[in-house]
Amino acid sequence: MSRPWPQIGLLLLLPLLIGGCWDAREINQLALVMAVGVDQAEDSNRFLVTAQIARPAVAGAGGGGDGGGGQEEPVFTASADGDTLFEAIRNLARFTSRRIMWAHNMVIVIGESVAREDITPVIDFFTRNQELRLRTWIVVARGTDARSIVTTKTGMENIPGASIAALLRYAELPGESVRADVARALWSFLASDVNVILPAIRLSPHLAPAGNQEGEKASALQAELKGVAIFNGTRLVGFVDEDAARGLLWIRGELRNSVITLSCPGHPARNMAVEIRSPSVDVTSEIRGQRPTFRIRVDTEGWLNEQDCVTEDIDVMQLQEMTEERFAEGIEEDIRSALDSVQRNLGTDVFLYGFRIHRQHPQWWRTNKDHWNDMFPEVATEVSVQARIPRMGIYVRPMNLTAP
Amino acid sequence: MPSIQIGRFQAVTILANLVYGKSLGFTAGVLARRVGNDLWLSMLIAFATGALVMIATSYVVRAFGSTTPFEYIPRLAGRALGKLLLFLMGLLFLGAFITSGITVELHLNDFLMTETPLVIFVVLYTLLVLYGAFLGLEVAARLSVWGLFTGLMLALSMVIGTTDHFWFDRLLPLFDHGVREVLLASLIADTDVAVAVAASLFLFPYVHKKTENQGKWLGLSWLGLGFGALQSMAWPIFEVAVLGPEVTAQYLIACMQLGRAAELSIYVHRYEMVMMILFSFGVFAKSIVLLYFAHESIAAVVKVERLGRGASMTVLSLLSLFPHYWLVSDRQFYSLFLETWWPTLSLPIAFGVPLALAALVVVRRLMGRA
Amino acid sequence: MDDKLRDEIKEILATGPIRELIKEEIGRVRNELAEKPKDHAPSDEEAPDPTPVSSSVDANCETLRGLLADSTDLQFRTFTTGYRGRRKGVLVYFKGLAKGEGVEEILEAALRYGNPPFSHPDVYSDPVLDFQETVAVVIDSKASKSLDEAVEAILAGETALFLQGARHVLLANTRWHPGRSVQEPSVESEVRGPRDGFVENIQVNMTLIRRRITDPRLRIEALRIGERSKTGVALVYIEELADSSLVDEARRRLEAINTDSALGVGYLEELIKDTPWSPFSILEATERPDKFTGNLLEGRVGVLQDNTPFGLIIPTTFWQLLQAPGDYYSNFWVASFFRWVRFGAFLVALTLPALYVILTAYHHEMIPTPLALSIAGGREGTPLPTILEVFLMLTMFEAIQEAGLRLPRAVGQTVSIVGALVIGEAAVLAGLIAPSTVIVIATAGITGFAMPTYALSLTVRLVRFVILLFSGVLGVFGFLGGLLALFLHLASLRSFGAPFLAPMVPVMVPEQRDTLVRAPWWLMLRRPRLGSEPRTVRQQPPAPKSSRHSDDPSGDAP
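Protein chains in written order, with my numbering: chain A, 6 to 409; chain B, 414 to 783; chain C, 13 to 570.
Rather than coming from a laboratory, the hints here were simulated on the basis of the structure.
Do not rely on the hints blindly, as some may be mistaken.
Chain C residues, not near chain B, derived (Cβ > 10 Å throughout) [claimed, not checked]:
| hint | residue |
| --- | --- |
| 1 | ALA71 |
| 2 | VAL150 |
| 3 | GLU161 |
| 4 | VAL216 |
| 5 | LEU235 |
| 6 | GLU261 |
| 7 | TYR341 |
| 8 | ALA347 |
| 9 | GLU392 |
| 10 | ARG421 |
| 11 | ILE451 |
| 12 | LEU468 |
| 13 | PHE499 |
| 14 | ARG538 |
FRET-style restraints, in silico, Cβ to Cβ [claimed, not checked]:
| hint | chain 1 | residue 1 | chain 2 | residue 2 | range |
| --- | --- | --- | --- | --- | --- |
| 15 | C | ALA432 | B | HIS621 | 46 to 56 Å |
| 16 | C | VAL353 | A | ASP123 | 49 to 59 Å |
| 17 | A | GLU330 | B | ASP582 | 47 to 57 Å |
| 18 | B | VAL572 | C | GLN552 | 40 to 50 Å |
| 19 | A | SER209 | C | VAL346 | 52 to 62 Å |
Quantities reported herein were computed from a predicted structural model and do not represent experimental measurements.
Positions of the beta carbon are idealized from the N, C-alpha and C atoms, including for glycine.
Chain A on its own, in the form it takes in the complex (with noise of 0.2 Å):
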């Protein structure tokens, strides 16, 4: 007949582990970390970490503002400092009365001191550790510390970490930076044929409405999204801006929108904005007599968004033809200025350059990989682009004052 017993045995074993609940935590007495910043202490070697934790009793009462910390910040930060991160991260503790928790950390900021110096800490540290996500964002604080970026309040949101966050999760519109995570960083640190790049953030004068609050507005600081940090292996060698950093994400296949400027036919002081649109890149190398040559070939569209000059002479076809020219050059301008910036000034590889030629010429890759960070500087770059503008707004016709 039927043996209850296994049944029983399982339930008798119930009370024994009671006495357990290793890892319970209740999540109130939890501090929630929303953004870290790493710096270089002053006048020493040691870590400075700042965490930026978020105060549930306020940020987390949605609407209910005034039920008791109405004039409280959302955020409590705190900085520490240790001579490894680990040491800095446990000496927070002193003096934050929970216990941290690293689970719901959006961002990673790097002081540019310690990015010159070496990353090694910063991606070992969050990437050994099992709390942090590996979609964590990492960013560089570009001309300052990690922890003004960290402790600045930015944009809309509620927590500081969280519109940094958000910012990068929207990187893509500009155009002019790049996203990366904790594992895209990671990868890119371990292979050997790839470069880091992360994205650069600094400060920027806040533009205060006018005639509003004066004295506190104005001179308010804001983190921006500000061009992309090129590392060489594991240090920090510059960074590229505006056109270039477009320039950058052409060569790299990684853009996805951004915005280019044009000048206006007739009107060379005037501007048309083509906002890009469905890019697609295509990326291949040849050995020629041992040296690589690379040719990038764009193949992209463009919707004409705004044209600040009156154009009489000229239809829509003309139009069309003559701001497509001026398209095509301008991504080319764009790469060139790229390639001139990060392989004639920085000389490091974030091009994908040795990925690209370890995947398409194997061969080629195992005898010279060794030396190819010698070579880089000297590669050659073909660039061809087709560029279209097949829509231009909803407008039909050019911005003229009379009917052509």
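Once you have looked at the hints, place chains B and C on chain A.
Quick look at chains B and C alone, frame taken from chain A:
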């Protein structure tokens, strides 16, 4: 004629679950450390090898119909050698049970419950599996249907959660580390497939038979391996293409890293717990079947009928706690064990015994005809 | 001839015309002699009766008094009838159990009764048998030779008629069941579908089923269960549809029951189920005749029991417990959708409290950040750990439900007000309980009632405590272990041989049309399969429907 009968589809799901679990948990990392981005090729080759050896096992199964290996192995190979073979098989299944258990335990202990002592996981896992094995093969078969379903769900949700970061170029170039190295590495992945191959020998005699079913064992085995590949193969491919081989190589449990990199929209931004829940049923089913067969094989050699099945199974699983805990307590050692010792120990048994049996059957047939 | 017989002859000589009586006696003796060899053969099914009906009325009355003792409601009504009022008769019945009119009817008939006829010596001339065939033919009755049987019948509300000189007793069916008329089922109410439900009277319940299945192959076998209660139990099935081995097994298990009493189907269920230790009810009890009949038509076996408005369905699978009869009355898209809602509700009711605990006390990383912050904000300052909080609230919820069941209807309102307002609202306002906990408990509570089978709902409410405790102690591992043990347990259950989780595991693909979804009726051409028997044809595919909205104007042509 065994009294237990399980359906054909259930047998397929058992085979599919037998190759699941460790293959995507640990083996991917081990392979990544050896052959980098070719790890998925190694795993694919392992499945193909397994499918080839399955020809031998299904030949043996066809020759003996519903006679269990516990009866025919001593008849075929002689009493002493037969007992030795059965005992070795039992040890193989026990070892595979332990490694599959460690898969779940380390997933939990490394990522979700870091403070809980490992011994708790080891003991509770063994007890749960013991309960399942005690209920028998039929119940395990039913669990494995559910396990296959959750395994496929897991693979599907992982694919959905990571396609944004899928970068096909990282899978290339093929055979970057050389064909020879990839083939050698596939032996490590073979350990997972081989256990399923060996277990199919023990499983099929219990499969519910209909006349039209005779001689379709090979089809069933391949279907089982196919389902196993379906729920396992997405992982190595995505580990390489989403994380990159270098990252995969860095971690002991690479699949959890992939799970942690998956985002099912920004709302389910963490995925480990979902993954753990969906992942475990298949591994539990695997462990239960393996413990069951380990017990049956060893009990066929060491005569312990007087104890009764439940008691001897309890004794066996309690004994297994020691090597189990010993292996799991040092992760670096365990990783080394998986890379070197385990393939050397398990492959000769798991592939060797079925092949030897098939050879014996062939020899017998030839002698009988002559 | 023994003394007893001689006494009887003397008595008969004293009461009736001698020739008539001699004839009667001869007939009786002849009969007795003819039956004699039968009595001696022990192999025969009728064992020698320890308490035969005596031909003396007074002796019978004495025996009955002895057996039934002095009950105030036991009535003996003595009268005389027959030729010159010489034949003595007694009616025995229980006052409350037997219907008054029925007793009067049989008394009237008895008074009109004359004597057994002379002219047909071949006619069996026991007066009771003769009476039954002549005057009393309008009365629902049967004759018996055993006093034990008479006692049983009297206890069941029948009226026993003894006539002097008869070796039989007439048992007239005057049973009277105080009880409800057919009403709408109270537990399993259904929006679309018949409004009738089983009542306590087994006869009425059988009628409800016969009305639905006008088929000569509908079999209703009667059994009696309970040493003392002697409860009437009916085994209902449809010949040819129900697997005969299943019917035999059900009959065997029911007959094997050896108990004092069985007051409800729950007794039977626990006594015949395959796995007596399981918390799951693996035989479904329903109070809906339509559901009961539907199951009979799918080849299952039903058990009805007297004094219980529930029928048992054998075998039952887990998925059946999540199917409502309404599924079959509404559109199949809607029915399938709500079936999925119920699956979801089952999972939520079972796991939500446990999931909440493992999320807020163990695996906070899983919660989306804004939600984590608001949960943490709500829990700010609450004194209890989550597991305790959930456990207490869940217990409280069950207590409120129990109280709601027990309270008189007039004060029932109080419970809901006190339960919902005071405990929910006040506890949150006072900062004792986090608002998220209240939401979780309420959701789990409501989904617990979405189950169409009350027994399943009860089991879920019990099992979720176990999973909650496991999860509270061991986080996701406890949760997993709880679910796994539950699954293994469910997978190991069998209901009369049918795997409890069938047709999901083991997988039976054709059965999915009435499990995962409710396929339209015109696709369910075959009956579902319970075990290994072949699938029988339920219906033929429907004829193609001609278009009624054709634009063909030929109809209007002159």
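For each hint given before, does the structure comply? Return the numbers of the non-compliant ones in rising order. 13, 17
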